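Student: Listed here are the chains, written in short residue letters.
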Amino acid sequence: DAGITQSPRHKVTETGTPVTLRCHQTENHRYMYWYRQDPGHGLRLIHYSYGVKDTDKGEVSDGYSVSRSKTEDFLLTLESATSSQTSVYFCAAGDQTTDTQYFGPGTRLTVL
Amino acid sequence: SQQGEEDPQALSIQEGENATMNCSYKTSINNLQWYRQNSGRGLVHLILIRSNEREKHSGRLRVTLDTSKKSSSLLITASRAADTASYFCATVFSGNTPLVFGKGTRLSVIA
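Residue numbers (the working numbering), protein chains in the order written: chain A, 1 to 112; chain B, 1 to 111.
FYI, nobody ran anything at the bench for these hints, they're computed from the structure. Keep in mind the model is a prediction, meaning the values are calculated, not measured. Glycine residues also receive a C-beta, built at the ideal position from the N, C-alpha and C atoms. Please note: incorrect hints may appear among the correct ones.
[Unchecked claim] With a straight-line Cα cutoff of 20 Å, these simulated EDC-like cross-link-like pairs (lysine to aspartate or glutamate) come out:
| # | chain 1 | residue 1 | chain 2 | residue 2 |
| --- | --- | --- | --- | --- |
| 1 | B | 26 | A | 59 |
| 2 | B | 56 | A | 79 |
| 3 | B | 70 | B | 55 |
| 4 | A | 53 | A | 79 |
| 5 | B | 69 | B | 55 |
| 6 | B | 69 | B | 7 |
[Unchecked claim] Chain B is nowhere near these chain A residues, computed Cβ spacing over 10 Å in every case:
| # | residue |
| --- | --- |
| 7 | 14 |
| 8 | 16 |
| 9 | 52 |
| 10 | 62 |
| 11 | 63 |
| 12 | 71 |
| 13 | 75 |
| 14 | 99 |
| 15 | 111 |
Start from the sequences and build out the full structure, keeping to the hints where you can.
Tutor: Laid out in structure tokens, this is it:
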């Protein structure tokens, strides 16, 4: 998975609780991305970062926030988890928006 | 939506046969990429083809791009059981915008 790790790999939580997912990369990529993958929808971009403290919204950003305080770490936070946020979350990283993205192994999140 | 669309949604073939998947998109692109996802894993980049290219090869993979028809195809020759996976096209549109992924084609190669 090209030096990209995600933690936790699995999480079950209850509606209304805050959840933070972590993505860590070791290749010094400038760009980092958070996607969610749901049956029938493919991968949809939640937020992305183009540098430390520089982030932007993706297609499905409502209910999510992100932070990037170091090049290697990109955090995704669900402030108050809802059942509709049950999904598999993937982190990716790359050097240009136009170039190859390298993906982490994914985090399966279940919100009860 | 700018999302590319793969066709077919699912494909089942015998080992040794060729597999062809198609991707259509709606607006002009900078490049188009194909990714593979094995069950329970992250996506892995296969090949990138730029808007001024018509064909690229990588091992048993052949990708074509027809910008006039706004479509691309991925051909896997002499398929193997290990090629069983979902395949996604991802488009990069003109400008500094991130990749947009399609919904994928699920390929099953039967030994």
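Student: Next, verify each hint and record whether it holds.
Tutor: Verification of the supplied hints:
no.: 1; hint: 26(B) with 59(A); in the structure: holds, 17 Å
no.: 2; hint: 56(B) with 79(A); in the structure: violated, 44 Å
no.: 3; hint: 70(B) with 55(B); in the structure: holds, 14 Å
no.: 4; hint: 53(A) with 79(A); in the structure: holds, 19 Å
no.: 5; hint: 69(B) with 55(B); in the structure: holds, 14 Å
no.: 6; hint: 69(B) with 7(B); in the structure: holds, 15 Å
no.: 7; hint: 14; in the structure: holds, 25 Å
no.: 8; hint: 16; in the structure: holds, 29 Å
no.: 9; hint: 52; in the structure: holds, 18 Å
no.: 10; hint: 62; in the structure: holds, 16 Å
no.: 11; hint: 63; in the structure: holds, 19 Å
no.: 12; hint: 71; in the structure: holds, 18 Å
no.: 13; hint: 75; in the structure: holds, 18 Å
no.: 14; hint: 99; in the structure: violated, 8 Å
no.: 15; hint: 111; in the structure: holds, 20 Å
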